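Chains as they are written, first to last, in UniProt numbering: chain S, 1 to 328; chain V, 1 to 328.
Mixed in with the good hints there might be a few duds.
Claimed, not checked - No more than 35 Å apart at the CA atoms, straight line, and that leaves these computed lysine-lysine pairs for DSBU-like:
1) Lys236/S - Lys26/V
2) Lys100/S - Lys236/V
3) Lys226/S - Lys26/V
4) Lys63/V - Lys191/S
5) Lys100/S - Lys26/V
6) Lys290/S - Lys26/V
7) Lys26/S - Lys43/V
8) Lys63/S - Lys191/V
9) Lys243/S - Lys280/S
10) Lys285/V - Lys26/S
11) Lys26/S - Lys191/V
12) Lys39/V - Lys63/V
13) Lys26/V - Lys94/V
14) Lys254/V - Lys285/V
15) Lys284/S - Lys26/V
16) Lys26/S - Lys226/V
17) Lys243/S - Lys94/S
18) Lys254/S - Lys43/S
19) Lys100/V - Lys100/S
20) Lys26/V - Lys243/S
21) Lys223/S - Lys94/S
22) Lys290/V - Lys280/S
23) Lys39/V - Lys191/S
24) Lys191/V - Lys275/S
25) Lys328/S - Lys254/S
26) Lys328/S - Lys26/V
27) Lys100/S - Lys94/V
28) Lys290/S - Lys243/S
29) Lys26/S - Lys290/V
30) Lys26/V - Lys43/S
31) Lys26/S - Lys100/V
32) Lys100/V - Lys94/S
33) Lys26/V - Lys285/S
34) Lys26/S - Lys13/V
35) Lys307/V - Lys13/V
36) Lys236/S - Lys100/V
37) Lys254/V - Lys270/V
38) Lys307/S - Lys13/S
39) Lys26/S - Lys284/V
40) Lys328/V - Lys26/S
What the hints contain is simulated information worked out from the structure, not anything from laboratory work. Nothing here was measured: the structure is a model prediction, and the numbers come from that model.
Number of protein chains: 2
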Amino acid sequence: MTKNQLAPELLDKLESFLSTYPFGQKPDELYDPIRYILKLGGKRIRPLLSLLSYGLYQNDPEKILSQAAAVEVFHNFTLMHDDIMDQAPLRRGKETVHEKWNPNVAILSGDVMLVKAYELFLPSPAEQLGEIIQAFNQTAAEVCEGQQLDMNFETRDHVTEGEYLEMIRLKTAVLLGFALKLGALLGNASKEDQERLYDFGVSIGVGFQLKDDLLDVFADQAKFGKQVGGDIISNKKTFLLIKALELAQGEDAKTLNHWLQMEEFDPHEKVQAVKSLYEKIGVKKLAEDKMNEFFSTGFSQLEEIQKVNEPYYQSLYEITQALVHREK
Amino acid sequence: MTKNQLAPELLDKLESFLSTYPFGQKPDELYDPIRYILKLGGKRIRPLLSLLSYGLYQNDPEKILSQAAAVEVFHNFTLMHDDIMDQAPLRRGKETVHEKWNPNVAILSGDVMLVKAYELFLPSPAEQLGEIIQAFNQTAAEVCEGQQLDMNFETRDHVTEGEYLEMIRLKTAVLLGFALKLGALLGNASKEDQERLYDFGVSIGVGFQLKDDLLDVFADQAKFGKQVGGDIISNKKTFLLIKALELAQGEDAKTLNHWLQMEEFDPHEKVQAVKSLYEKIGVKKLAEDKMNEFFSTGFSQLEEIQKVNEPYYQSLYEITQALVHREK
Chain S
1 MTKNQLAPEL LDKLESFLST YPFGQKPDEL YDPIRYILKL GGKRIRPLLS LLSYGLYQND
61 PEKILSQAAA VEVFHNFTLM HDDIMDQAPL RRGKETVHEK WNPNVAILSG DVMLVKAYEL
121 FLPSPAEQLG EIIQAFNQTA AEVCEGQQLD MNFETRDHVT EGEYLEMIRL KTAVLLGFAL
181 KLGALLGNAS KEDQERLYDF GVSIGVGFQL KDDLLDVFAD QAKFGKQVGG DIISNKKTFL
241 LIKALELAQG EDAKTLNHWL QMEEFDPHEK VQAVKSLYEK IGVKKLAEDK MNEFFSTGFS
301 QLEEIQKVNE PYYQSLYEIT QALVHREK
Chain V
1 MTKNQLAPEL LDKLESFLST YPFGQKPDEL YDPIRYILKL GGKRIRPLLS LLSYGLYQND
61 PEKILSQAAA VEVFHNFTLM HDDIMDQAPL RRGKETVHEK WNPNVAILSG DVMLVKAYEL
121 FLPSPAEQLG EIIQAFNQTA AEVCEGQQLD MNFETRDHVT EGEYLEMIRL KTAVLLGFAL
181 KLGALLGNAS KEDQERLYDF GVSIGVGFQL KDDLLDVFAD QAKFGKQVGG DIISNKKTFL
241 LIKALELAQG EDAKTLNHWL QMEEFDPHEK VQAVKSLYEK IGVKKLAEDK MNEFFSTGFS
301 QLEEIQKVNE PYYQSLYEIT QALVHREK
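In isolation and in its complexed conformation, chain S is listed as follows:
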């Protein structure tokens, strides 16, 4: 098997596992939304990280499909509840659960999804289950902390770079770290390798979010999936805006605040103006440097692990590098 086939084959198996897993039947309003949100797709990057991470140490990653699926089910639970809180009408171009059904259904169906995530961890060896649940509990609580901080930042005037990086670490990066650690733990990797893979996941996770912030402003509209500039239009406190507010001087500061406070504006004009400011003030470069710093830290952590199965290492490296270089 060549390196390039590993990921697609594992993704096929995972998809088949997810689409046939007996989440439950009655009442419909409780279980249909689980199947609905899982069918909306997504890159399944988190469970793939678990499978490849396990594959570094053992040759039978299909043995941990259930635990890998747990990570994806948990991720989709957070999306279902976050979408209620953010009042988001769409998720991956389709109606969100609280729109298609109602907010109560999205609350309760999400609750059951969290229970099902725990259920999916159960086929683990008894001597590892406690450690897995403990690591997962910590990650799950941290993801909730990150979401709460993100909501708090919306109504705060001032957010520091450090606070922002900590928020994205909690809200998105620790789950990538957990996904990788989970595979390593189940694959009986050394404690050191488990921690290295965790750290690798957290580092690239923070980098991926910084990349998201950059793409939202600077992506090529022809290649980008959604409207470029959405974060600028909504004054979202991304790394770019936080640094711009910190560093802008004189006229630049005035212009930036002018756009932030304007209630009626031409979206295209605002995006172009703020984008130019980001380049002029130098925060585009600062964000790129910070992102690359996290990627570089991450991949040096990855390099230090024991590479038992080279093809899985290659696949893991390629998959994560593709995300580092993505343009959408």
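Since the structure of chain S is already known, use the hints to place chain V on it.
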């Protein structure tokens, strides 16, 4: 130690455990609501059942305070989320979490509470943890199913007695069954006793809900904590109303439907009229008979278990009998 001191002493220890457990600190909006809802009190009947059930087989119930607390934390998580769904302004006379903070805080803080419930199970022996989490997952999913059915019933014209009994079994009774089974399992009771205690809990749980339905209409207002007749005023589909709709004939059926459809009415008048109908049609007696049938089934299941520690058996019997005979 005499039988009567066991429950109060265990409840003291449980309260102290709950009030000092490190649920988490930052952000405040995530963790303060957990401490807030737990401080509102309640009878702590579920964790007490776990402790007494364990005490039937082992003399050191303080060893499972964490797991007993898990049941109470889970129960309060369901209250926090149910209160959002029911738009309830008050819980035990105090503002509900979504009122005191906001619905997003109640969603996310509830999510973390569910994670913390799993965390509290972790100090269990490794060889029992999988079984505990599996039994808990099933119960947790069933409680959500019950809540969804309860919401569905609100907008349905017709609900059968069987559907209602199944809904209350899921929404409230299985958690009592699980609480008892948990204690027995951790106490190394036989599989048979674990199931008997589970069945006992489910049977009395259904009985307690039927008792709630009856008290809401027929309680002595001087002894009852809240306004008698609330279910009648809101047309709540309780056992009484479901059976009355099924059995009322001629004039009685007309009068009942008249009150159900009236949009403006004197509450006291409606309560008196529907209450009289319940007695006349005979559904008060039907509900009492059904309730007693569940209690009687329950206690005969309890009698069959092996009574290793008689004082704990006495305490368990007294506590549950007090609930059978409560007047508020």
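What hints, given by number in increasing order, does this structure fail?
18, 22, 23, 24 and 34
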